[in-house]
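J.: What follows is each chain in one-letter form.
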Amino acid sequence: MKRYPKNFLRKLYKTMIRMRFCEESLVEPILNGEVGCPVHLYSGEEAIAAGICASLKETDYIFGNHRSHGHFLAKGGSMNELAAEIYCKETGCSRGRGGSMHLIDPDVGMLGSAPIVAGTISLALGAALAASIRKDNRVVVSFFGDGATGEGVLYESLNFSALKKLPIVFACENNLYATHMPIQECRVRNNIYKIGEPFCIESHEIDGNDVLQVYEAGREAIDKCRKGEGPVFLEFLTYRFRGHVGPDDNIQGTHTDIRPKEEMESWLKKDPIKRFERYLLSNNMLDEQVLDIITQEAEKEVITAHSFAKNSPFPDKKELNRYVYKQEASV
Amino acid sequence: MFTNRKLQYSLAINEALHQMMESDPSVFLIGQGVKSPWYVGNTAQGLLERFGVERVIDTPVSENAMTGAAVGAAISGMKPVVVHPRIDFMLYAFDPIINEAANWCYMNGGKASVPVVIWGIINRGGEQAAQHSQALQALFAHIPGLKVVMPSTPYDAKGLMIAAIKDDNPVVYIDDRWLHTLEGEVPEEVYEVAIGKAVIRREGKDVTMAATSYMVHNAMRAAEELARDGISGEVLDIRTVKPLDKQLLLASVKKTGRLVVADGGWKTCGIAAEILAIVLEEAFGYIKSPVVRVTLPDVPAPASSALEKVYYPDSGSIVQAVKKVLSS
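Just so you know, the protein sequences line up as chains A and B, in that order. Just so we're aligned, residue 1 is where the first sequence starts under this note's numbering, counting upward by one. Just so we're aligned, residue 1001 is where the second sequence starts under this note's numbering, counting upward by one.
FYI, nobody ran anything at the bench for these hints, they're computed from the structure. Treat the hints loosely; a few may be bogus.
[Stated by the list, open to error] Calculated lysine to aspartate or glutamate pairs in the DMTMM-like style (CA-CA distance at most 20 Å, straight line):
# : chain 1 : residue 1 : chain 2 : residue 2
1 : A       : Lys57     : A       : Asp107
2 : A       : Lys165    : B       : Asp1058
3 : A       : Lys165    : B       : Glu1054
4 : A       : Lys326    : B       : Glu1054
With the hints as extra help, turn the sequences into a complete structure.
T.: Rendered as structure tokens:
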């Protein structure tokens, strides 16, 4: 068994726990109306963002999608700013103009997220093109879901990235559902990772609920890209524990999930955080005390973030027109 | 330095690209056919030889991803120019242009901007029919966050390209291939034509003819003809469709009291409609007679040259419109 430094494992666990607590803390404010914008929770998929971003430098770039709270936190974005954005406050990472689906922090390489399915894949491609023109040794990760494989721009981007050997990792988080549509109703076969092959792109299928497997696959892919041997396509099999948008699918006010109960239960058993805990404890890599401390810190951070968000002002009505264009003086 | 140097419109664009790529390593050109005169005429001549394949990127036919790549490169600090040698194909790239580039600065609270030039060439006439002839400026002008420029002279073709490249925001640069061989004075030095500023091409007192792009030249010919009948027409070259120079437009209309708008796009919800709306909202009291639009009819471009002749308005259409305005 591979031995990892304790600090590394602690950090990985902390990243995942921070995401989970942050996501779950939003359930109540969504249900009681304090949070109004559409929120797509990342619970259940934490291993992917945590595992991949563990190999990225601050100067590397990522782009996300509608379900990007986890990507934002894993890349180093502040939970205060994330929470404030979800509450649509002026102190949010997008100053309350974007909401949960538009998260950005250029200072840590989180270059943005957007809910147009596959909409940021070509932007990530462009960031990789920029890195290749500048020869600045950056790597770009494009996070998208299984739904994005239905969009043509993905295939255009795969082709061009392969043609130019761009430093980009295509990270497909396959949670088996494109909004309400199960993957078997979207694709003839559930073998997304094979879409890289016709473009001669190295492609792998990974257990997206095993953070160390994600980490290893991500590290290799990122190293390859950094050496000019990109692009790499990674498909991560995973499952969202919450609804497509909001805490549950809430069809006509029922607060039920549209997915089969047995399917959900089988995936809950594969909870990436519990799996990682079991691994850490049973192999004596971290003890319970350490995990407890991390958990308590994360709880505190989440409480602070909500309080920061709630106590922050909404954007000033007089500033409705601000930021339509970048003005020299205003940033 | 030659003071009165003449240059073709297309070579004025070419000179802007050369100068900007030379002075700023973050500028690059990407698009289908950038190494082929078949696509971009001589607008890109010499660039590949001078700046290499890394900065002059001829691409597969993938307008959506290539435009998105230009937008993404701009978000990551570059200053790309992405060219669509036929603007019709730019429709494949609506998502990166509208959903992403136009909204990016606003929806990210000003934390990022998109300094990209999206360059689309209008290719009308020659029996090319509906999908090779469209003038789509109004579609882009509708979108908050975009700027849209339409140079009518070689001088502006260069100055607006430089201004567009230097701008921190996404600029849609639309030129008409019918203008490419037009010669005019173009200084050799680097200069900008301010985005958002119209210009009076000919002063007059009886009627304002506000025009865009190629229609400016039709308006100039119309003004000549009208002058022979003793009518003094003022020609206003809109130059930037968005943001539109309201100040100069309103000043001209307040002076003449009459307005004809000539735009090479369609009539319904077009640039001409927008210009009339501005005048009605802000200068209603100065208008002495009904206003008239000279545009394409609301019809796709036909192939047959017999139909093209009636489809595209010319200087005669503007003369007629002016006479109608003056007689009512």
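J.: Which of the numbered hints are not met once you compare them with the structure shown?
T.: 4
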